[in-house]
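A.B. asks: Take a look at the letters that make up each chain.
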Amino acid sequence: GQSLEQPSEVTAVEGAIVQINCTYQTSGFYGLSWYQQHDGGAPTFLSYNALDGLEETGRFSSFLSRSDSYGYLLLQELQMKDSASYFCAVMRGSTLGRLYFGRGTQLTVWP
Amino acid sequence: DTAVSQTPKYLVTQMGNDKSIKCEQNLGHDTMYWYKQDSKKFLKIMFSYNNKELIINETVPNRFSPKSPDKAHLNLHINSLELGDSAVYFCASSQDSSGRARGQFFGPGTRLTVL
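Which chain is which? The protein sequence lines are H and A, in order. What the first sequence shows, in my numbering, is residues 5 to 115, in sequence order. What the second sequence shows, in my numbering, is residues 888 to 1002, in sequence order.
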């Protein structure tokens, strides 16, 4: 089986930086993904880390430490539109697309 | 241009009925998925198909039967609906069966309510 832990809620103000942590326990770990979901919307892909280190894409960065079974999503220069749920998801196995999601972190950005 | 589309968007039905949800992707992807998201937003994979062949079945009750007539379509048929089936069902696709580098693309979801 697998388990993923991430905070249920995070709040921040516009312009701030927020980090959403994710710790996981799973067999056959292959990589860690992050998805964003606005209320009533579909999950959208943000990032994927298979190797240790930081991946940067615009205002969002994602980090992975395989030895610590830990990753985080860093959101910079927060905007109101960033208010959403953020899910970490582990990829198990190299070719079968087995994606298992955490329970999500609700980010609220205040003006 | 819709990448992954699902119909219907909303489905309200009585317990015991049989219903289907359709999914189509125009991205040319090889792999398609069905996910269930419950009222607490927990998103769980149900099935995955690669080039019309089933590759993942996550211990879903056999009342749920996916069908892939071609690699652009993955439909979900549900028999004898139960109250616990109420959820949002998302279809997704990815370019290959790993779905890792570019992620999985999700459809808009179908909100199923069983009364």
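Be aware that one or more of the hints could be misleading.
As a list, the in silico DSS-like pairs of lysine-lysine whose alpha-carbon atoms are at most 30 Å apart [to be verified]:
#, chain 1, residue 1, chain 2, residue 2
1, A, K928, H, K85
2, A, K928, A, K896
3, A, K909, A, K928
4, A, K954, H, K85
5, A, K954, A, K909
6, A, K931, A, K958
7, H, K85, A, K931
8, A, K906, H, K85
9, A, K923, A, K909
10, A, K909, A, K931
11, A, K906, A, K939
12, A, K931, A, K896
13, A, K927, H, K85
Label-pair restraints from in silico Cβ distances [to be verified]:
#, chain 1, residue 1, chain 2, residue 2, range
14, A, K927, H, M84, 19 to 29 Å
15, A, H964, H, R107, 40 to 50 Å
16, H, L55, A, Q901, 46 to 56 Å
17, A, K954, H, R107, 43 to 53 Å
18, A, D925, H, P11, 17 to 27 Å
19, A, P895, H, E9, 29 to 39 Å
20, A, G971, H, T61, 35 to 45 Å
21, H, P11, A, N904, 36 to 46 Å
22, A, N913, H, G45, 17 to 27 Å
23, H, E81, A, T900, 20 to 30 Å
24, A, G903, H, T27, 18 to 28 Å
25, A, H960, H, H42, 23 to 33 Å
Far from chain A by the CB rule (all over 10 Å, computed), these chain H residues [claimed, not checked]:
#, residue
26, F49
27, Y76
28, S89
I should point out that these hints are in silico values taken from the structure, not numbers from a laboratory. Since the structure is predicted, the reported quantities are computational estimates derived from the model, not experimental observations. Each residue gets a CB set at the ideal place from its N, CA and C atoms; glycine is no exception.
A.B. asks: Could you run down the list of hints and mark each one as holding or not?
C.D. replies: Each hint, compared with the structure:
At roughly 19 Å between alpha-carbon atoms, K928/A and K85/H fall within 30 Å of each other, so this suggested pair holds. With a C-alpha separation of about 17 Å, the suggested pair K928/A and K896/A falls inside the 30 Å cut-off, and the hint holds. Using a Cα cut-off of 30 Å, the hinted pair K909/A and K928/A holds, with the two alpha carbons roughly 22 Å apart. A hinted pair counts as satisfied when its Cα atoms are at most 30 Å apart, and K954/A with K85/H does not qualify at roughly 37 Å.
Using a Cα cut-off of 30 Å, the hinted pair K954/A and K909/A holds, with the two alpha carbons roughly 10 Å apart. For the proposed pair K931/A and K958/A, the alpha carbon gap of about 22 Å is at most 30 Å, so the pair holds. Of the supplied pair hints, the one linking K85/H and K931/A holds, its CA atoms being roughly 26 Å apart against a limit of 30 Å. For a cut-off of 30 Å, the pair hint linking K906/A to K85/H is broken: about 35 Å separates their Cα positions.
Restraint check for K923/A and K909/A: the C-alpha separation of about 14 Å stays at or below 30 Å, so the hint holds. Between K909/A and K931/A, the direct Cα distance comes to roughly 18 Å. Compliance with the 30 Å bound is thereby established for this hinted pair. For the suggested pair K906/A and K939/A, the alpha carbons sit about 21 Å apart, so the restraint of at most 30 Å is met. A hinted pair counts as satisfied when its Cα atoms are at most 30 Å apart, and K931/A with K896/A qualifies at roughly 19 Å.
A hinted pair counts as satisfied when its Cα atoms are at most 30 Å apart, and K927/A with K85/H qualifies at roughly 22 Å. In this structure the hint that K927/A and M84/H lie 19 to 29 Å apart at CB holds, the actual value being about 25 Å. Checked against the hint of 40 to 50 Å, the pair H964/A and R107/H fails, with Cβ atoms roughly 28 Å apart. Between L55/H and Q901/A the beta carbons are some 50 Å apart, a value that agrees with the proposed interval 46 to 56 Å.
Distance hint for K954/A and R107/H: a CB-CB separation of about 30 Å, inconsistent with the stated range 43 to 53 Å. For the pair D925/A and P11/H, the beta carbons lie near 19 Å from each other, so the given range of 17 to 27 Å is met. Distance hint for P895/A and E9/H: a CB-CB separation of about 35 Å, consistent with the stated range 29 to 39 Å. The given range of 35 to 45 Å is respected by G971/A and T61/H, whose C-beta atoms sit roughly 38 Å from each other.
P11/H and N904/A have their C-beta atoms about 39 Å apart, which keeps the hinted 36 to 46 Å range intact. Against the hinted window of 17 to 27 Å, the Cβ-Cβ separation of N913/A and G45/H comes to about 19 Å, which satisfies the hint. In this structure the supplied range 20 to 30 Å is violated for E81/H paired with T900/A, their Cβ-Cβ distance being about 45 Å. A beta carbon spacing of about 42 Å between G903/A and T27/H contradicts the range 18 to 28 Å that was offered as a hint.
As the Cβ distance of H960/A to H42/H is approximately 27 Å, the hint placing it in 23 to 33 Å holds. Residue-level check failed: F49/H sits 3 Å from the nearest beta carbon of chain A, not beyond 10 Å. In this structure Y76/H is separated from chain A by more than 10 Å, as the shortest Cβ-Cβ distance comes to about 18 Å. Against chain A, the non-interface label of S89/H is violated: not every CB pair exceeds 10 Å, the least being about 6 Å.
Going through the hint list in order, the structure does not satisfy hints 4, 8, 15, 17, 23, 24, 26 and 28.
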